[in-house]
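J.: The primary structure of each chain is shown beneath.
2 protein chains.
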Amino acid sequence: MIKLDSQFIAQIKSNPHMIQQLFSGHFGLEKENLRVTPSGNLALTPHPPIFGPKEENPYIKTDFSESQVEMITPVCDSVDDVYNAITNLHHIVSLALPKDEYLWPNSNPGLIPDEENIPIAVYRNKEDSSRLYREHLATEYGKKIQLLSGIHYNFSFSDEFLKALFQTSRTENETFQDFKNRIYLKVAKYFMKNRWLLIYLTGAGPAYMEGFTTVSGAENAAENARILKDGISLRNSSAGYKNKDALHVDYDTFDGYIHSIAKHIENGQINSMREFYNPIRLKNSHTDQSLESLAQKGVEYLEIRSIDLNPLEENGIAKETLHFIHLFLLTGLLSENNELCPNNQQISDKNEELVALSGLAHPNITECDHSEVAFSEAGLKEIAKMEAFLTELAPKNDYLANVVALQKARVVDASKTIAARVTQEIKEHGYLTFHLNTAKTSFETADAFAYRFIGAEDMELSTQIVWKSAWKKGVKVDVLDRAENFLRLTLGNKSELVKQATKTSKDNYVSVLAMENKVVTKQILAEHQIRVPHGENHTQFEEAIMSYPTFSGKQIVIKPKSTNYGIGISIFKDFFTKEAFEEAIKIAFSHDSSIMIEEFIPGDEYRFLVMGDDVVAVLKRIPANVVGDGIHTVRELVEQKNDDPLRGTHHLKPLEKIQQGPEETLMLSQQNLSFEDVPPSGKTVYLRENSNISTGGDSINVTDQMDDYYKDLAVKASKAIQAEICGVDIIIPPNPKDYDSAAIIELNFNPATHMHAFPYKGERVLTGDKIIDYLFK
Amino acid sequence: MIKLDSQFIAQIKSNPHMIQQLFSGHFGLEKENLRVTPSGNLALTPHPPIFGPKEENPYIKTDFSESQVEMITPVCDSVDDVYNAITNLHHIVSLALPKDEYLWPNSNPGLIPDEENIPIAVYRNKEDSSRLYREHLATEYGKKIQLLSGIHYNFSFSDEFLKALFQTSRTENETFQDFKNRIYLKVAKYFMKNRWLLIYLTGAGPAYMEGFTTVSGAENAAENARILKDGISLRNSSAGYKNKDALHVDYDTFDGYIHSIAKHIENGQINSMREFYNPIRLKNSHTDQSLESLAQKGVEYLEIRSIDLNPLEENGIAKETLHFIHLFLLTGLLSENNELCPNNQQISDKNEELVALSGLAHPNITECDHSEVAFSEAGLKEIAKMEAFLTELAPKNDYLANVVALQKARVVDASKTIAARVTQEIKEHGYLTFHLNTAKTSFETADAFAYRFIGAEDMELSTQIVWKSAWKKGVKVDVLDRAENFLRLTLGNKSELVKQATKTSKDNYVSVLAMENKVVTKQILAEHQIRVPHGENHTQFEEAIMSYPTFSGKQIVIKPKSTNYGIGISIFKDFFTKEAFEEAIKIAFSHDSSIMIEEFIPGDEYRFLVMGDDVVAVLKRIPANVVGDGIHTVRELVEQKNDDPLRGTHHLKPLEKIQQGPEETLMLSQQNLSFEDVPPSGKTVYLRENSNISTGGDSINVTDQMDDYYKDLAVKASKAIQAEICGVDIIIPPNPKDYDSAAIIELNFNPATHMHAFPYKGERVLTGDKIIDYLFK
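Top line first, the protein sequences correspond to chains E and X.
Under UniProt numbering, the first residue of the first sequence carries the number 1, and numbering increases by one thereafter.
Under UniProt numbering, the first residue of the second sequence carries the number 1, and numbering increases by one thereafter.
Simulated from the structure, these hints should not be mistaken for laboratory data.
Note that the structure is predicted; figures quoted are calculated from it, not measured.
Some hints could be false.
Note that the list lumps identical chains together, so a pair holds whenever it fits in one copy or between two copies.
[To be verified] Taking lysine-lysine and the BS3-like style, the derived pairs with C-alpha atoms no more than 30 Å apart in a straight line are:
{"#": "1", "residue 1": "Lys-719", "residue 2": "Lys-506"}
{"#": "2", "residue 1": "Lys-163", "residue 2": "Lys-578"}
{"#": "3", "residue 1": "Lys-653", "residue 2": "Lys-440"}
{"#": "4", "residue 1": "Lys-522", "residue 2": "Lys-586"}
{"#": "5", "residue 1": "Lys-561", "residue 2": "Lys-319"}
{"#": "6", "residue 1": "Lys-144", "residue 2": "Lys-283"}
{"#": "7", "residue 1": "Lys-494", "residue 2": "Lys-522"}
{"#": "8", "residue 1": "Lys-506", "residue 2": "Lys-711"}
{"#": "9", "residue 1": "Lys-554", "residue 2": "Lys-13"}
{"#": "10", "residue 1": "Lys-518", "residue 2": "Lys-476"}
{"#": "11", "residue 1": "Lys-518", "residue 2": "Lys-494"}
{"#": "12", "residue 1": "Lys-163", "residue 2": "Lys-554"}
{"#": "13", "residue 1": "Lys-777", "residue 2": "Lys-494"}
{"#": "14", "residue 1": "Lys-578", "residue 2": "Lys-396"}
{"#": "15", "residue 1": "Lys-350", "residue 2": "Lys-244"}
{"#": "16", "residue 1": "Lys-476", "residue 2": "Lys-522"}
{"#": "17", "residue 1": "Lys-561", "residue 2": "Lys-578"}
{"#": "18", "residue 1": "Lys-586", "residue 2": "Lys-396"}
{"#": "19", "residue 1": "Lys-578", "residue 2": "Lys-13"}
{"#": "20", "residue 1": "Lys-163", "residue 2": "Lys-573"}
{"#": "21", "residue 1": "Lys-777", "residue 2": "Lys-719"}
{"#": "22", "residue 1": "Lys-506", "residue 2": "Lys-476"}
{"#": "23", "residue 1": "Lys-186", "residue 2": "Lys-3"}
{"#": "24", "residue 1": "Lys-586", "residue 2": "Lys-13"}
{"#": "25", "residue 1": "Lys-99", "residue 2": "Lys-683"}
{"#": "26", "residue 1": "Lys-518", "residue 2": "Lys-506"}
{"#": "27", "residue 1": "Lys-522", "residue 2": "Lys-163"}
{"#": "28", "residue 1": "Lys-716", "residue 2": "Lys-777"}
{"#": "29", "residue 1": "Lys-578", "residue 2": "Lys-522"}
{"#": "30", "residue 1": "Lys-242", "residue 2": "Lys-229"}
Next comes chain E alone, as it looks inside the complex (with noise of 0.2 Å):
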């Protein structure tokens, strides 16, 4: 018989928006990884600064450990957004991380140093209150226990769903708090009865490093490690980081719980609140944690410390897992109140212990009335009220079923566990070079996501590497218009609004409508001494030939205005006769009714990313080519150039991949080849006349190599127009010291800066960290 809270469930299947609302909530996850080498000691670096004080990145913090970096969510409304979110800050942070440090995928450490060499994290004030909080507990419980690392799982219902549950269901006299109080508290209740279930469903460090800890019938395993004998979770058992005394509390009213951990703390068992180290706290997002605040303002939401992280999965954890607590936290809710047996503190500990140290061998799971039931059949009851209040709230979500099917098939099989397969890996590779090898494929994962922001890639590629920096950086984001990628980062106090990555509060409004009017901009830089090649646009021919003393002794290209495969197009490198002008004339007009006549500058396009006083970043852009080798054909040799993983369509990735269109078979054709022909060796063949990255070009970072003078030119040009963040064109002559012979071609009020950061060869510069930097300097 399947023990359901049957009122609360017909309330809720009364009403649709209920049904949604529970379905829905407020989640946050808390993830500690140690950082090491790549032989798997504890790296000892301090914490990368690039993360800003840990004071005041809320994001990625230090745990215990310097070296053990904690990644916080910000508070997500579902489950899909708070498992991209703790992916996008485990790739951000393996990113950042000093070259050959990885994040140690499991909850158990690998190598470790001795306990006097383990860094306590370090504040800017030896006074911090966090790093005396750390002093203390490495006095009380020494260091190393410290360093296992997990996941924390942060759930509230939405307040609507409380609300409208209230309406119905509310006692006599109860105010909304005192409501909310008593649903946590429940929830909460059968947390501590059933969590055994969830360890055994979650748990994934069956093994540690011999010296780590001593834990008896552990088993001897491959490189020093020993592996606990049907074991699942050494963190969750009594040899993990647990308090000293099992401090049972009163979960039947919010009043006796609130004094059950006063007189713990009166006791001297603990300090504080915050060493309550229950599997699950009652929390209250107004408060440092201080149990009278909690008691004063009620409970907020839940927190749930027993994940372990999960080394099959390369951010630590499986969004079905997620899915899974969410649903068990439900099942807690929906249980019948009577189900949840008084006084069940010390069965639920001795449940819990035994799964964590041999759940694998299902052991038998002891009931309030001390029987004992066999493992999965007290495991399947749970399921089943699962199983039963999907069927009557979500009847048709398969992928909720199948989340739970998975865990079903757990429940019935040990060997489909994640501790199962965890043993198995462990066994099978060594504990040091399975976590290792699965630590650096993580970090290749992160690398291949660098580009993208998890969860944001309808926005632009500009956008979401803005959006990584931000959290990297410890600035929130808030996107208040996606389609047009409009975003809200605020630090500290300080708020930017900022669109399309570079439209932001520090370019003023006509400044950019000056980079806008190429009349605009040209007559500006001419003013302030800047070359910009001279060009004017005709539709009248006798207009056009009227120009001739304006051109007459310069190098110039007439050209039809539309045209892109130099159709129509004569250049004068040369002395020209007036004869020839017209003639040029003449020629341009029979192919476009608006012909263009501008001065040639000969030499390469360079863009300059320029922010505020400085060149970010300096890029050569070459259109789209292959090298030919002998052996392939032009096609075949797009092809592999193609093969590239950052060459993609639809400004999807951060390089295009060349097109074998009527555009390329053309600039083929006008140098006697094909698709089909095989270039010789070295031989460099363009397919397109244009140098844009859209249509396939190459993109390579020359910022450190570039020229002073020109970077110099670039912040010249940039705040002659009185620009803040500018993308600078420059066409620099083939002997780039013949200065004078360099012209600006165009100035960008919204530059690409994507381009920069994923150059098609050369250093990666960090474009979305300078904007932050930029913005938040």
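Following the hints, position chain X against chain E.
T.: What follows is chain X alone, placed relative to chain E:
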């Protein structure tokens, strides 16, 4: 025989560019007008402070007297431009004078106070050299004579023209500056000899108030005036404002010129170059008019000082006159060198005096050889030169041919001259009455042109208005891109780019983008506790009806997205059922594939124009309407209302005419009316639902009456989005004290400013001035 420099003419004729350059050049005007009361008395008020310090405003200063406004055009590249410039300045000054002050339109004053009560121009610093110079003049010449006002005409050839001429005509070892000096001296010499003709054709001051001066032979006229018999120009006669001694100088060489003036200074005849009141002066823009710097840097332009104010023209001078003066100077350039007789200065002075005092009688003109020639013969000889070189160099230019023909007719027939016509008017109406009527008509013209900047009618009204305000306040205006209304404003060493009047450097880029985005705007305002109507856009029926809980209990409008005429709209002002909600959505979808559900905010729409911390204007906007009189049809009432000279079409005037198109017909039909119906007296009939000024709506300035609460709200909204120049649209409820019912509909980042400057009802708000003050505060 016409004596022209055939070599010059042949050179110019051979080069089409030189012909074009000959007829261009640089032009500037300086014009003085006395400020007078409606009775013709000198206005003794201070120089209007709206013009800023006279030391700093380059366009509007005072001449000798505080009551003598001096208008100075920028250097213009054509006669037409300089004509427009002086006309605009005249309009700007006219409209900025204190109420009931006018610009006296004659060179000779109206009623003036006793010598001691004539106010000398006041400067911030009592020791200002301009003040000290004026005090010197008052002592040396008396104040009264200083009130004679006139026009200075500054001219220089285009540098390209002079360079081309230099190539072919330089003498051995001659530098370009030597050449320029020589050319300008040649023109000056021609001018000195033939200036009697220019005075005859431009003189307009034959009369003066009794007591102003004494000229023998002057006749009494009505209103205590005196008229010179057959006189032309008191100011250019020996009774005018001249050096005490005739200061003859050497025009043969530049050195001679400099030395001869130096000698006059040495002799104490004048204090400095500044006091050299020659009818033409060779000048240099680098200098503060010192002889030393002229000697050093050479001549850059000519200043012609003998032009009288023409009271027959509302701006003081006809465009044809300006062109004629130009041709007169070109005649000087193109005349044969040897045609200029040596030591002709006393002869020229005598001719000048004769013509100034009795030119209408066509006195004989004395030639170099002291022989006398009949007046018309002498005049026609110079006119024939002009005709001759125009035939050679501009045979197709009918306009210039007409300019010459007009003056030729005046040479033949004195009654056609300006002086004759002015004499006639004075005799007919009286000296004071004629000039005061002229002054008032000129003011009315200025008022009718208040919203226009002559010569910039192709630009937006708001840009024209800003331009006028800029000049009023001494701010230089460069047009960077005409079609885009892109200006650069400069005051002192500070420049500001301004596009479309309100797009400036003061606003930051992303805040403009936030205003452009309704979603972002609403979100930010709501976060600042500012009420915005909640609205949703739907394309799916199923999704639309899901929003019932969001809107239930509110007043709402449901409408097809593209409706304008009320079709398919449902308004719920009270409780509505879900069924009614769904039905309204169904109706809306039957008219459009996209529908809007919006909170309905009852009340009137107001536009608040915010700049920085201030609301500078508030406008109530009322949809196009007419008020019945029980007599006329709607059509007749519309036509009456459209007669308002401020109503035009295509945004060329501040208000738009009410149309009689399908929208208006439909709107009438919804009220069971047609254009042929006669609405009862006092009944307001609306022809549009929307209140836009662009569809004939009325604008009512309510700036002063507006409740401060709403002004504060507008500023708060603008600050919330970090806007600086912002148009805030607020719906104010029927009871304006019901503050909580008000809501902000929209924030506009390029708010129209002309509708505040020229409202349908209420005072004009000088929004152009506000923008200038805001930019340069």
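J.: Evaluate each hint against the coordinates.
T.: So, going through the hints one by one against the coordinates:
1. Proximity of Lys-719 and Lys-506 under a CA criterion of 30 Å is satisfied in both settings, with 13 Å inside one chain copy and 16 Å between copies.
2. Taking the shortest Cα distances, Lys-163 and Lys-578 sit within 30 Å of each other only across copies (22 Å), while inside one copy they are farther apart (84 Å).
3. Only within a single protomer do Lys-653 and Lys-440 lie at most 30 Å apart by alpha-carbon distance; the minimum there is 23 Å, versus 71 Å between protomers.
4. In this assembly of identical chains, the alpha carbons of Lys-522 and Lys-586 lie at most 30 Å apart only when taken from the same copy (27 Å versus 55 Å across copies).
5. Taking identical chains as interchangeable, the C-alpha atoms of Lys-561 and Lys-319 are never at most 30 Å apart, the minima being 54 Å within one chain and 41 Å between chains.
6. Taking identical chains as interchangeable, the C-alpha atoms of Lys-144 and Lys-283 lie at most 30 Å apart only when both belong to the same chain, with a minimum of 27 Å there against 91 Å between chains.
7. Proximity of Lys-494 and Lys-522 under a CA criterion of 30 Å is satisfied inter-copy only: 20 Å between copies versus 36 Å inside one chain copy.
8. Taking CA atoms no more than 30 Å apart as the test, Lys-506 paired with Lys-711 passes in both settings, with 20 Å inside one copy and 28 Å between copies.
9. With identical chains, the CA atoms of Lys-554 and Lys-13 are at most 30 Å apart between copies only, with a shortest distance of 27 Å across copies and 81 Å within one.
10. When the C-alpha separation of Lys-518 and Lys-476 is checked against a cutoff of 30 Å, the pair qualifies only between copies, where the shortest distance is 23 Å, while the shortest distance within a copy is 36 Å.
11. In this homomeric assembly, Lys-518 and Lys-494 come within 30 Å of each other (Cα to Cα) only across copies, at 23 Å, whereas the closest approach inside a single copy is 35 Å.
12. In the homo-oligomer, the alpha carbons of Lys-163 and Lys-554 lie at most 30 Å apart only across protomers (21 Å), although the nearest pairing inside one protomer, at 78 Å, exceeds that limit.
13. For the homomeric pair Lys-777 and Lys-494, the shortest alpha-carbon distances inside one copy (11 Å) and between copies (28 Å) are both at most 30 Å.
14. Taking the shortest Cα distances, Lys-578 and Lys-396 sit within 30 Å of each other only across copies (26 Å), while inside one copy they are farther apart (79 Å).
15. Taking the closest pair of Cα atoms, Lys-350 and Lys-244 come within 30 Å of each other only inside a single copy of the chain (15 Å); across copies the shortest separation is 123 Å, beyond that limit.
16. Taking the shortest alpha-carbon separations for Lys-476 and Lys-522, only the inter-copy value of 20 Å comes in at or below 30 Å, while the best intra-copy value is 39 Å.
17. For the homomeric pair Lys-561 and Lys-578, the shortest alpha-carbon distance inside one copy (21 Å) is at most 30 Å, but the shortest distance between copies (58 Å) is not.
18. Taking the shortest Cα distances, Lys-586 and Lys-396 sit within 30 Å of each other only across copies (29 Å), while inside one copy they are farther apart (70 Å).
19. Proximity of Lys-578 and Lys-13 under a CA criterion of 30 Å is satisfied inter-copy only: 20 Å between copies versus 86 Å inside one chain copy.
20. Taking the shortest alpha-carbon separations for Lys-163 and Lys-573, only the inter-copy value of 28 Å comes in at or below 30 Å, while the best intra-copy value is 78 Å.
21. Taking identical chains as interchangeable, the C-alpha atoms of Lys-777 and Lys-719 lie at most 30 Å apart whether they share a chain (19 Å) or sit on different chains (23 Å).
22. Taking CA atoms no more than 30 Å apart as the test, Lys-506 paired with Lys-476 passes in both settings, with 19 Å inside one copy and 27 Å between copies.
23. Proximity of Lys-186 to Lys-3 under the C-alpha cut-off of 30 Å is restricted to the intra-copy arrangement: shortest distance 14 Å within a copy versus 116 Å between copies.
24. In this assembly of identical chains, the alpha carbons of Lys-586 and Lys-13 lie at most 30 Å apart only when taken from different copies (28 Å versus 78 Å within one copy).
25. Neither within a single protomer nor between protomers do Lys-99 and Lys-683 lie at most 30 Å apart by alpha-carbon distance, with minima of 36 Å and 82 Å respectively.
26. In this assembly of identical chains, the alpha carbons of Lys-518 and Lys-506 lie at most 30 Å apart whether taken from the same copy (22 Å) or from different copies (22 Å).
27. For a Cα distance limit of 30 Å, the shortest separation of Lys-522 from Lys-163 across copies, 26 Å, qualifies, whereas the shortest one inside one copy, 62 Å, does not.
28. For a Cα distance limit of 30 Å, the shortest separation of Lys-716 from Lys-777 qualifies both inside one copy, at 21 Å, and across copies, at 27 Å.
29. When the C-alpha separation of Lys-578 and Lys-522 is checked against a cutoff of 30 Å, the pair qualifies only within one copy, where the shortest distance is 26 Å, while the shortest distance between copies is 60 Å.
30. Only within a single protomer do Lys-242 and Lys-229 lie at most 30 Å apart by alpha-carbon distance; the minimum there is 21 Å, versus 120 Å between protomers.
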